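Chemist: With chain A fixed as given, assemble chain B onto it according to the hints.
Chains as they are written, first to last, in our numbering: chain A, 1 to 403; chain B, 1001 to 1325.
Note that these hints are calculated values from the structure, not bench results. Bear in mind that the values here come from a model prediction, so they are computed numbers and not experimental data. There is no bait here: all hints are sound.
If we take Cβ atoms under 8 Å as the criterion, some of the chain A residues that face chain B in the derived model are:
| hint | residue |
| --- | --- |
| 1 | Ile61 |
| 2 | Gln98 |
| 3 | Val187 |
| 4 | Ser199 |
Stretches of chain A that chain B covers, calculated by requiring three or more beta carbons in the stretch to come under 8 Å of a beta carbon on chain B:
| hint | segment |
| --- | --- |
| 5 | 113-120 |
| 6 | 281-294 |
| 7 | 338-349 |
Every residue gets a Cβ at the ideal spot worked out from N, C-alpha and C, and that includes glycine.
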Amino acid sequence: MTIAPERPAATAERAVPVGERQRSPTLLRATDVYALLGAAAAALSITWLLFARLLPFSGTIGFLAVAYGLFLALYALLVSFDESGPAVRDRLAAVVVQSLGLVMVVALGFVVVFTLWEGRKALPHLNFFTQDMAEAGPLDPLSAGGILHAILGTLEQITVALALTVPTGMVCAVFLNEVPGRFARFVRTVVEAMTALPSIVAGLFVYATVILALGFDRSGLAASLALAVMMLPIIIRAADVVIRLVPGTLREASYALGTSRWRTVWHVVLPTARSGLTTSVILGTARGIGETSPVLLTAGFTAEINGDPLSGPQVSLPLATFEFVKSPEPTMIARGFGTAAVLMALVLVLFVVARVIGGRGPGRLTRRQEHRRVQASRRDAERFAARSGRAAPRDTPMDTRSE
Amino acid sequence: MRDAPRRLYADPGLPDRVFRGVARGGGGLVLAVMLLVGGFLLYRAWQALSRAGWSFLTTEAWEPDAGRFGIAAVLVGTVLIALVAVAVAVPLAVGGALYISEYAPPRLRRTLISVVDLMAAVPSVVYGLWGLFFFEGQILPTARWIATYLGWIPLFRVDGADPSDPLAPESVYTSSTLVAGVVVALMVAPIACSVMREVFSQAPAGEREGAYALGATRWGMIRSVVLPFGKGGMIGGTMLGLGRALGETIGVYLIISPVFEIQWHVVQSGASSVAALIALRYGEASEFGMSALMAAGLALFLMTLVVNFAASSIVARSRSGAASE
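Extracted from the complex, chain B is given alone in its bound form:
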């Protein structure tokens, strides 16, 4: 008993205790707000989820007051738009990031970094305007070409299009998943590019020089040093862009004409997304309709959550991740 180690205690003093209390209080407040948001979403969504059960995931229609509602159509639409966006944005982002970190003259480099970062801060409604008033008209011939020559691939088929009739109405090609996807792609490309550029520029100079010393061309050096080193950052940047694309509202809402059936044809008019569904239906929703919208919002949140966490864990585990925090 007498040999028990003495308990060491340092009195931090009153100001320090107050500081710790305030800091803890701030952390607790933020935690409370965040849990309140999550908990409230879950609580309100529960009403709709318990009524719909598993059919919430398989029903395509959205008529909560008639008891027929589900997120099959909007979820597929959201994922399709995000996938189109990622398919367009990732090559642009990788190319842009490689150009800035490897090819651009040093003086231009700093300007380009600022420009890309600034682009990432441009409000999404601006991209939506561009898509609605400019891009949709420009893509029509290309959409028609895709539907005509690649229409045998189910993804590119357009129902109601008649390639042999040159005067056929072109409205079957507007407001499509493709247009929304490209608009979202421009939105997320700078974000992904910024992450990738950061990681590429941290590839160790010694290894670069080693590759050159072994006689590699510049592309050989990029392929054997920069890209393997930056793999984590590339995947992380892509996932980050994907998370942003999934949650994008206004750019998509301005462009698509919503349909409530699973629409696989990306070139055909009619698309849907969870965020656009909420923006479209929140005003007229009844008590139960709000609950159903909450459930849809919760599903969207869960999806972006999974994508974001996957992104950060991939980046943290990769070699380049330690520095890309």
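In isolation and in its complexed conformation, chain A is listed as follows:
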């Protein structure tokens, strides 16, 4: 079980044979719609009466909660006029489940829209993306200063963190699957345990070792290290799951052709799992980019562009958001929301890229990949035909050495 976003897109839906696909027994009748509308109208009116005239209640959330409770009761009553017990329960459950789903999506969507809305004052200014905050104080208008330093810092930190985690993580994930044994099981358990490491503790670890014990300054590199410690188990975990999904028959086929282990990994396992591996890395990146707490402890804070990750504090987008909104000035808070919006846009881009690249099971190809493969195989066939025409067929047409 991995944490949800790190999981590569499920193959379950495709794996279901055509005959076993889930059926949707939806049937909407006019009376259902009337009952829904009637119950909703009645509930709203009664709640309004309660809140405005009869009882000393107030507040939007309270209003919605009372209205919803009344709506459920009235709807059950209306349906029970012409349905029996199980059908009433079915309708009620359908309404409850659908409204819970709606509440979740709307609440989450609202969080995103709220951030964009509050950031609307800062985002249209071009200088917001091209300047740093070195010259702009808290009282300066939004037409001065920007978050270029944070954007650069985020990109630099995540690049260094990826340069550290991707090779190590991929080698470790390959190790877990291709060199099985007691040691691999132990490593897997430890990695699994470390996915539980709270990000702030990862930050605390780097703060205590690199900064306090080894005496380095707070810098972009320290932040990258903290992010790497946090991301490494997540990426290994996701990559491990993806590699495990590679069908064993493919491996067996490769071994049966006399291929060595590393060639099987290099030419069969990794290409098959490529899209899933890319997805796991990208989603791990999205997770790392958004983390504030490890960076808070290790990167320090600056208002200037600092391109050197080795020395001096270097700020990143989530940290800049955090520092902006701590100020009481409305312009600073608007900047904070703008920064958060930029951060979300970055995560969204990563996510869309992950969906475009991944989103398909191991070995499933896009149309273009399939086309390319067909072409390559046609070329091979032509080559073989040309060779066999040139030389008389031999007993051992292929080199069967097993490396």
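Modeler: What follows is chain B alone, placed relative to chain A:
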């Protein structure tokens, strides 16, 4: 002696030996890093733990340099915030997952799955901003209502609130465990929902059809097939969300006003969490203070570790677990 079985040995060749060495080396490196983190935490925490002894678990105050420090208050605060979060997030996640897998029209389904997965990747600082600048103001009347009418339940009591005075300051209701819990709930709901949805959608089609053939309504089918099948996934998703909620830092840190006493009243202002304590105190900590913070971090890590392992073992043991890996 002559009849002893021959030892079979296949020479894998040099490239394969190199490959195995590199792979093992990679695994060993990761293991070393992970053990270094754990070992270093334990080593640094030991200094504080040996000084404090068992009182580390029972002391509420956090004054390491005065020798009085413990995680009783912050640990209770962390657990309370996580419990509020789970109590809010689980109904949302179950409802959302059931809607996506059972009720949503197929065309909408794929979009909704993407949206929920995307929500799980939204940075926590964004949720923190929403909680700080929007939700805290909106919850005030409801918090006042809870304190007024449900105040006789100890959990919901608010000290210093006066329901009869309409002009009483509302600051006693802000920065509370409730607000932090709801913010964390929105953070973990998509994660839990994603796990649950995955498991629900794998309920066998044959059993669904069997339930329909026996005359079950859709809800009857869900109750007798989908929910029992997905029980492991539901518990696993909940625990996963709980683990995430326990370790959440910045969303909580932005909202709460820290107190260092056990604060059971979830609606009342003042809350605490281990992660927020670390973020708050790391800068000014002395050598020994760092050690104490390490001990707090270690306690938090152990707690999330237990929750995560419990989650994965429950999911692995359940019927739906085999496929939900």
